[in-house]
Amino acid sequence: MLIAAKKKYDIQKLKGLLSAEFEMKDLGAARKILGMEIIRDRERRKLFLSQRSYIQKVLARFGMSSSKPIDTPSAANIHLTAMFAPQSEEEKEYIGTSDVGLIYGGDTQCLVTGYSDSDYAGDVDTRRSMTGYVFTLGGSVVSWKATLQPTVTLSTTEAEYMALTEAAKEGIWLKGLCYVAMAAALFGGAALGPVFDQLLKAVIDFGVNIATFRSKFLSLKQTLTDIKPVFHDIERLNEALDGRDEEIDMFKKQLMKGEELVRKCSKIKRCDPLKKWSYSRKLTKLDNSLVKFCQIHGLIQVVRDSKQILVKVNENGKKLEEIHSMMRDVSLTRSGSSIGFTNSSASSGWMNGSSFGFSGSSDVPQVSDSMVGFDVPLHELKQKLKVLQEKDQVLVLSAPPGCGKTTLAARLCQEDDIKAIYRDNIFFVTVTKTPNIKRIVGEIFEKKGFRVPEFANEHDAICKLNSLLGGITPQPILLVLDDVWSESEFIIDHLKLQISDFKILVTSRYVFPKFDTYKLKLLSEEDAKDLFCISAFKDGSPDVRLNLVHKVVRSCGGFPLALRVVGRSLCGQSEVIWFNRVMMQSKRQILFPTENDLLRSLQASIDALDEKVLYSRETTTLRDCYLDLGSFPEDQRIHPAALLDMWVERYNLDEDGITAMAIFLELSSQNLVNLALARQDARAVLGLHNLHYIQQHDMLRELVIHQCDEKPVEERMRIYINIKGNEFPRWWFEQRLQPLQAEVLSIVTDEDFSCNWHGVQFPKVEVLVLNFETRTYKLPPFIEQMSQLKTLVLTNNGFFPAKLNNFQLCSLLNLKRINLERISVTSIMSANLQLPNLRKISLNMCEIREAFENSAAKMSYMWPKLVEINIEYCSDLTKVPAEICDLVDLKRLSICYCHELVSLPEELGKLTNLEVLRLHSCTNLAELPKSIVKLIKLKFLDVYDCVEMDDLPLEMDQLCSLQTLCMGSSLGVDKLPDSLQKLVKLEDIVCDEETAYLWEPVKEHLKNLRITVMEEHINLNLLHRS
1 MLIAAKKKYD IQKLKGLLSA EFEMKDLGAA RKILGMEIIR DRERRKLFLS
51 QRSYIQKVLA RFGMSSSKPI DTPSAANIHL TAMFAPQSEE EKEYIGTSDV
101 GLIYGGDTQC LVTGYSDSDY AGDVDTRRSM TGYVFTLGGS VVSWKATLQP
151 TVTLSTTEAE YMALTEAAKE GIWLKGLCYV AMAAALFGGA ALGPVFDQLL
201 KAVIDFGVNI ATFRSKFLSL KQTLTDIKPV FHDIERLNEA LDGRDEEIDM
251 FKKQLMKGEE LVRKCSKIKR CDPLKKWSYS RKLTKLDNSL VKFCQIHGLI
301 QVVRDSKQIL VKVNENGKKL EEIHSMMRDV SLTRSGSSIG FTNSSASSGW
351 MNGSSFGFSG SSDVPQVSDS MVGFDVPLHE LKQKLKVLQE KDQVLVLSAP
401 PGCGKTTLAA RLCQEDDIKA IYRDNIFFVT VTKTPNIKRI VGEIFEKKGF
451 RVPEFANEHD AICKLNSLLG GITPQPILLV LDDVWSESEF IIDHLKLQIS
501 DFKILVTSRY VFPKFDTYKL KLLSEEDAKD LFCISAFKDG SPDVRLNLVH
551 KVVRSCGGFP LALRVVGRSL CGQSEVIWFN RVMMQSKRQI LFPTENDLLR
601 SLQASIDALD EKVLYSRETT TLRDCYLDLG SFPEDQRIHP AALLDMWVER
651 YNLDEDGITA MAIFLELSSQ NLVNLALARQ DARAVLGLHN LHYIQQHDML
701 RELVIHQCDE KPVEERMRIY INIKGNEFPR WWFEQRLQPL QAEVLSIVTD
751 EDFSCNWHGV QFPKVEVLVL NFETRTYKLP PFIEQMSQLK TLVLTNNGFF
801 PAKLNNFQLC SLLNLKRINL ERISVTSIMS ANLQLPNLRK ISLNMCEIRE
851 AFENSAAKMS YMWPKLVEIN IEYCSDLTKV PAEICDLVDL KRLSICYCHE
901 LVSLPEELGK LTNLEVLRLH SCTNLAELPK SIVKLIKLKF LDVYDCVEMD
951 DLPLEMDQLC SLQTLCMGSS LGVDKLPDSL QKLVKLEDIV CDEETAYLWE
1001 PVKEHLKNLR ITVMEEHINL NLLHRS
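Reminder that position 749 of the sequence shown reads as 749 in the working numbering, one-by-one numbering, no gaps.
If you're looking for bench data, these hints aren't it; they were derived computationally from the structure.
Fair warning: there could be bad hints in the mix.
Claimed, not checked - Calculated cross-link-like contacts (lysine-lysine; reagent style PhoX-like; alpha-carbon spacing at most 25 Å):
id: 1; residue 1: K1003; residue 2: K975
id: 2; residue 1: K934; residue 2: K910
id: 3; residue 1: K858; residue 2: K910
id: 4; residue 1: K419; residue 2: K391
id: 5; residue 1: K221; residue 2: K275
id: 6; residue 1: K275; residue 2: K285
id: 7; residue 1: K447; residue 2: K13
id: 8; residue 1: K15; residue 2: K285
id: 9; residue 1: K937; residue 2: K985
id: 10; residue 1: K939; residue 2: K1007
id: 11; residue 1: K496; residue 2: K13
id: 12; residue 1: K1007; residue 2: K975
id: 13; residue 1: K910; residue 2: K891
Construct the complete structure from the given sequences, taking the supplied hints into account.
Right, dumping it as structure tokens:
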């Protein structure tokens, strides 16, 4: 295998990935491949390819190794003239020898050059002519051909044309290949020179021929000529210093857009003055943007680089002092020590800032810079790590839940000296109560950017992890295991890899005696008061009686999480509410020296949700909605559609999700959940479309389950079951013959679950949530007896889509909503389920292509009342089947983040009741079907991030009910249809800055139109799945 890359780091990274999958032997630098010998001359930047060994083998095979070479390697009957004789010494040396080859390198322009010729009637027997061509790239031969033409030509001209045709086809293919390589290089850190040359060449070529833009082209040419040498030097120095490429990449993108603009200008007709004026402005804008980029970004880069130089000088000075000190100690004591540092994740409660962070990629989660009572523990923990011996390898950070263990670890990882040592080799993994080694290893592969391999067993997973991390050495590595439970101690032992400079930091509410432990203390009374005041009062100063503040602070016992949540729940409340809350805590004698006391300390914050009644039902409060979050496993990212499906059926919420979004925002404001918003400044009209997922703190989830489990199982309205292996709860077998009264049932199983379901009756269940991790899953047979079931949520928490067995739910006549995640839909569609009252189906990260191709025609028969379909992140979906348009009652169709989707059915216009159509981030979707204009009830259309879409249908005015249109972010549309001016009901346009410019003329005709420009909010944490 031959591996080539610009940087050695990329090669080492790929080797590590391959070594983790296959047994490999590193042969070093390439010397031979496919019979070709590779010889490098690094000083002259030349590469030689020779087939000497191959030629010798061919000669040996035919018994001609000892044959005498002749001066003319041609047939004896070919008569050569003097003009064909070798002229130079190199040509004479070539004649009769195999010691020659091809030379590559030297020319940086990488221009494709071709030569073509023909030999008319060169074949004496058939009179067919000869076609010959050769192509060079950067002055080096890359393609050549000499062959007889397929037919007999009647003239030399015809022979030449046939030869030119073959050469032209080869040239077009090579040119396309070069463009692809250049585009890949552009976004992968390739040279800036070719991009400059392409734009400059386009300006010169077209500027001469287009009189309309000649002055603009001359100005642009002068700008490019002036700035090219400067950027060439910056790029060269960046490469030499292994510096940052952000500015260069930004500038490359501008150059690529500029070249495209210049080529568009060349196609404008003289009789189109409007386009001339428009593109003239764009050329001026391009010229100004290049100058502005150099003026602003260049100055900023100079300042930044200067600061970086000062930082590096200071760091090097400190390192020299440390080395000097270490050398002195070694010379005196002949002993040494290993140094280790740390990483971490989300939240606990020490933060003064906003809500907890999310772990993503291999980055350390962000925490607030302003911490209360953090300085001493931070210093002590750092010292513990520094003196940790390599043989010990593990350090445990232990404290009761809610004390800020995770936040302390995260803060430590953000220290500059820690990041300087471990760089990108800090891995943070949250360990659940039911840990899975294969899952933990899989997360580490994901965080490092590698595809998760198949693991035969836990031992195989550890071996592959050892190979992966072993390839990183000699860089130090730190693995952080967050929230390890007492029964999960074996995880630590399994992950103690025999790798140099490899350390593990464990955060846990438990103490592990055999490991070195640092116990985190509770906050002092003074620090506790400061943290509480920051959470409870807007300016940090109390505005109620101090005795109330002191009483609440004392009741929280120094637990940061309790201080923050209780303080936030009291923020902005009147003194009467404060008094009632304090008196309520006093009656319950809430003290917080133990874990259960901490749960009770948060009880008041949850009970306060009872005061907020939902608009849909007077008997339903915000607390009821919050308790439903316990249906999902700890640390899981909850899709908002799953909760919406539960609440619509249980509490009669609106199906559009506006009320549900308000609930999420209210819970988030009280620090009870974390919201991953797509954009912070989005309008309310987007509703749940602006929310990626919800995540709850595991401590608060325990509180939810604690509250639900206080009643006997026969009286519980919600039953949450976590089955580890095949261990069912004891009451399960005691209640086999007695029906339970629960309305919400959640069952979580792990990958070791293989037991048959035991017969328990749940006749009143309305919502069933099943979470599992196996590749195949057998549904509980008691589902068929759930006559009141309205919402079914199936979530596969593994890495690969799962197949469902015995999906026979024909008796569930009341089932209205199905939500599937990482499921192979084929196993469902093949069951021919007839669900007459099903209203909505959601498919998230599912395999659906085969099901749609083979069973789409059944959908209108199986689900006749379906009104909503949600499809997200289904990577195998390439086209939507036409049969889906037979669902005439469909009101909402959402197909988002399906990057392989290329077309929609032309029959889309048959969905005359459709009100919402979302195609967000379908990046390969080129156009909307023309029949879309028949959707006269359509109110919401989203084509945001559909980058391949070049235009909108001309007859957009027929969408007479359209109220909201989302478009932009590199959408290919450069001109809006005039018919948009007739959409009198259009109220909201959500777009980017460039698209907003196109809407300004339309706004003059639509006085009620509101244009919202969305700022790009890139959150890489969203790429990592929990």
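The hints, checked one at a time:
With a C-alpha separation of about 14 Å, the suggested pair K1003 and K975 falls inside the 25 Å cut-off, and the hint holds. Distance hint between K934 and K910 is fulfilled; the C-alpha atoms sit about 8 Å from each other, no more than 25 Å. Our distance criterion of 25 Å between C-alpha atoms is met by K858 and K910, whose separation comes to about 17 Å. Between K419 and K391, the direct Cα distance comes to roughly 23 Å. Compliance with the 25 Å bound is thereby established for this hinted pair.
Annotation: proposed proximity of K221 to K275 holds, straight-line Cα distance about 22 Å (limit 25 Å). Proximity of K275 to K285 is assessed by CA-CA distance (about 15 Å); at most 25 Å being required, the pair is judged to hold. As the CA atoms of K447 and K13 are separated by approximately 13 Å, the hinted pair is consistent with the 25 Å bound. For a cut-off of 25 Å, the pair hint linking K15 to K285 is broken: about 45 Å separates their Cα positions.
For the hint linking K937 to K985, the alpha-carbon distance of about 11 Å falls within 25 Å, and the restraint holds. Between K939 and K1007, the direct Cα distance comes to roughly 18 Å. Compliance with the 25 Å bound is thereby established for this hinted pair. Only pairs whose Cα atoms come within 25 Å are accepted, and K496 paired with K13 is accepted, the gap being roughly 22 Å. Straight-line distance between C-alpha atoms of K1007 and K975 comes to about 20 Å, which keeps the hinted pair within the 25 Å bound.
Under the criterion of a C-alpha separation no larger than 25 Å, the hint pairing K910 with K891 is consistent with the structure, at around 12 Å.
When each numbered hint is compared with the structure, a violation occurs for hint 8 only.
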